[in-house]
Amino acid sequence: MSTPATAAKKKVPFDYSGYLRAGKLPHIWCPGCGHGIVLKSLLRAIDVSGFTKDQLCMVSGIGCSSRTPGYVDFKTLHTLHGRAFSYATGVKLANPELKVIVASGDGDALAIGGNHFIHTCRRNIDMTILVYTNYIYGMTGGQYSPTTPQGAMATTSRYGNIEPVFDTCELAKASGATFVARGTSYHCQELEKILLAAIKHKGTSVVEIIDQCPTYYGRQNKLRSATEMMEIFEKNGTVSVKQADRLPPEKVEGKLLRGILYQVERPEYCEEYDKLIEKVRGQ
Amino acid sequence: MVEPAKALADIRIDENLCKGCSICADFCPTNVLEMRGSVVAVKDLEACTKCQLCDLRCPDFAIQVY
Amino acid sequence: MAEKKKKLLQGNEACAEGALYAGCRFYAGYPITPSTEVAEMLSVRLPKVGGKFIQMEDEIASIAAAIGGSIAGLKSLTATSGPGFSLKQEGIGFACMAEIPCVIVNVMRGGPSTGFPTGPSQSDVMQAKWGTHGDHPAVTLTPSTVQEILSETVRAFNLAERYRTPVAVLYDEIVGHMREPVVIPDPGELEVVDREGPTCSPEEYLPYDDRYDVPPFAPFKGEYRFHITGLNHKTDGFPTNDPAIIDWGNRKIVDKIEKNRESICENEAVYLDDASIGVFSYGSIGRSARYAVNEVRERGVKAGLLRPLTIWPFPDGAVSEMAENVKAIIVPEMNLGQMIHEVKRVVHGRCEVVGINRVDGEPIHPQQIIDIIERYS
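Protein chains in written order, with our numbering: chain A, 1 to 283; chain L, 1001 to 1066; chain F, 2001 to 2377.
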C-alpha cells in the first residue's frame, strides 16, 4: 500500500477514473471553485485508506458541496438541506459495515443543520464529516452564512455582515467529535493526509475545509480570482499547527490553524449499541 | 560525464473539462503554463519538473502530467 | 381449539407489537405526547431482536434517520404527534420522491400549535394527504381499536414495502392511550410483505427502472452502488432537467398508488346494504358511530356505517355506492370538517352530507350522532 501524496513523489498522475462515475464530468461547480480540489484530495485519501467502493457511502444535504456524492462511484445519498447527518446516522446504525462520509457546506452543516451537526458529534458515531467552508451560500447566489466574516459583503449583508461567526472546529470539539481537523483547498496534499487520518479514525471525525467561492464570495468582496483567494489561505489566513508551535504568538494571532487539531479515543456509538444488544440478549 | 537527457513531461490537458480558472498556471512553481483564451496551455514544457501540483490543484480533472 | 390468550395492551404498545410483527428493525424518534409509549416500548424490545432504536435530537432528524435506516435495509418506523408530524413533512416528501419505504405513526392530539397535547383530535387527516409540498402519493390508515392498531401497523409496513412509499398510521390520543384486550397473532397468521430486491447484476441495476410500477429496491449493503436524491431524477437515480422525465417521475410516484387503490383501500361496512342514512366515520370516532348505528337499528331506523381503514387513497368507490342509496351521509369528525370535503366531492350532490364536529378535546359521543341520524330518518 502506498502512502499519501505518493502521486507527487512517484511523479505519475493519480488515476481518479476508478472512483468517479463515468460520464458525469464536467461537474456543476463554477470555474475556480475549490470543491473539485477537495474531491480529488478525498479520492486520493480513500485510495490509500483501503476502503472499497462497495464499503463507502457518501451522504449530503443541499448546497454546492452537497453535489459531491453524485460524482463518486459509491453508495450515495443526496438528501435535504441540513439533514445529511441524520440520514447518515440512520444508514450507519442500520448497516455499521459501511464507511460513511458526509459532505456539507458551512450553511448546510452549521445553520440549518446545526442541531444535527452537534448531536452527531456528541454521539461519536463512526462517520467522517466534511464541512466545506466558503463563507457564503453559493447555490442560492451569495447570501451570508454562519462563517461569513464580520464586515464581509453578501447579497443579504449589503452594508457589511454584522453577525459573529462560528468556529467550526471549536464547535465540533465542544460537541464531542473525537477527531477535529482543518485543511484548505490550497494545501491539497496536506488535506489528503488529514482526510486519510479522518477516514481511518473510529468515531465522528470532522474536517473543516477552507475553500474558495470566487463567484459569490470573491466577487462581492473584491477578491478578483480563485488564485487570490487561495493565496490568502496560503500566506496570511492560515498556519499549520506544527508551525504555530514554533512561532511567536503575534504571528499566529488571527490565523486559522491547519492540521489535526484534536484527536481522542472514545466509545463509538454503533459499537456501544452492539454491546447493548449483546447484553440485553444475554439476559 | 554527460547526464542522460531528461525525458520531457507529457502534459495532457482536457480542453472539454478546463473551465479556465487559471489556478494551475498561477501556482505552477516553474511557470510552465499560461492561459490562452478560456483554457490553459503549455508555454514552457522544458521547465516542467512533473511536480504534479497543477493536477493536484485543478478543480476540474482537466490536467495531468505523465 | 382453545381460545387464544389475550394481552391487555395500550394502543401505543399495540403499535409497537404490530411493528415488531411486521419485521420492523429500526426506530428513530423524538419524545412527544401522546405517542411516546411507542418509542419507550421499542427501546426495550428492538435490541432483544437485534434491531436498532435511536432517540434523535428532534423530529426532523427522526424521520431522516428512519429513512436512512430503511435505505440501509431495515424496515423503519418513526412515531409522533401533530407538531412532530408537521416537522417531519419535508422528510416524508423525500421518502415519496426517492421511493423509500417507511412508516410514520401520528397519534393525533388537539392543534394547531402545541394545542391540547393530552386530548384527542382528528385534525391531521388533511395534513397526512397534503402536508408536504408538491404533488405526491399519500397512503394513510386509521385504526379505531387497540387490536386494529396492531393489525393496521402491520398492514402499513406491508404497503410501504410493497409500494416503496411512506405510509402514515393515524390514530388519536383516545385509542393511543386506551387499554383493551388484544390477541397477538401467531407468526404467519398475518401477511408480512418484504420489499422486493433486484435480481439483476449491480451493473445493470436501475433504482427507478421504468419497466416496473414499483422497481426492486437494493438496500445500501453489498455490491449495489447507486445514487439516491430528492431531486427529480432519471431511472438511474441521477438528477435531470428534462421536462419529459420530470413529468414521468412526478406522475409515476402518484400513479403507483392510484393504480392499486383497490388493494390499498379497506373499509368496514355495517348495515350498509339496506341503509337509508349513512355514517362515514374513521378512527376512534368510528366506535361512537358504530354504537349509534346499532342503537338506532334497534329502534328500526335504517342507518348504516362506512368506516374506512384507509383514508388515503380516499375510498371514492365505497362512498359513491353509499351515496346512491341513502338520503344523507353524516360525517362526525374531531375537527372542524376535513374529510367531509372529500365525502362531498364524491357524493356530488346526490344526497345531503352533514358534519358533526368537535374540537374541545372530547370525543364525539354516540348520542350526538344518534340525534343527527334521527333528524334525517
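Just so you know, not all the hints are guaranteed correct.
[Said to hold, decoys possible] If you want the ones that stay clear, here's a sample from chain A, every Cβ over 12 Å from chain L, calculated:
1. HIS27
2. LYS242
3. ILE260
4. TYR273
[Stated by the list, open to error] Short derived list, chain A residues pointing at chain F, Cβ under 7 Å:
5. ASP54
6. GLN55
7. THR76
8. HIS78
9. LEU93
10. ALA94
11. LEU276
Hints listed in this document are in silico derivations from the structure and should not be mistaken for laboratory results.
Being a predicted model, the structure only gives us computed values, none of them experimental.
From the three backbone atoms N, C-alpha and C, an ideal C-beta is built for every residue, glycine too.
Practice task
Check each numbered hint against the structure and report the violated ones by number, ascending.
Solution key: 1, 6
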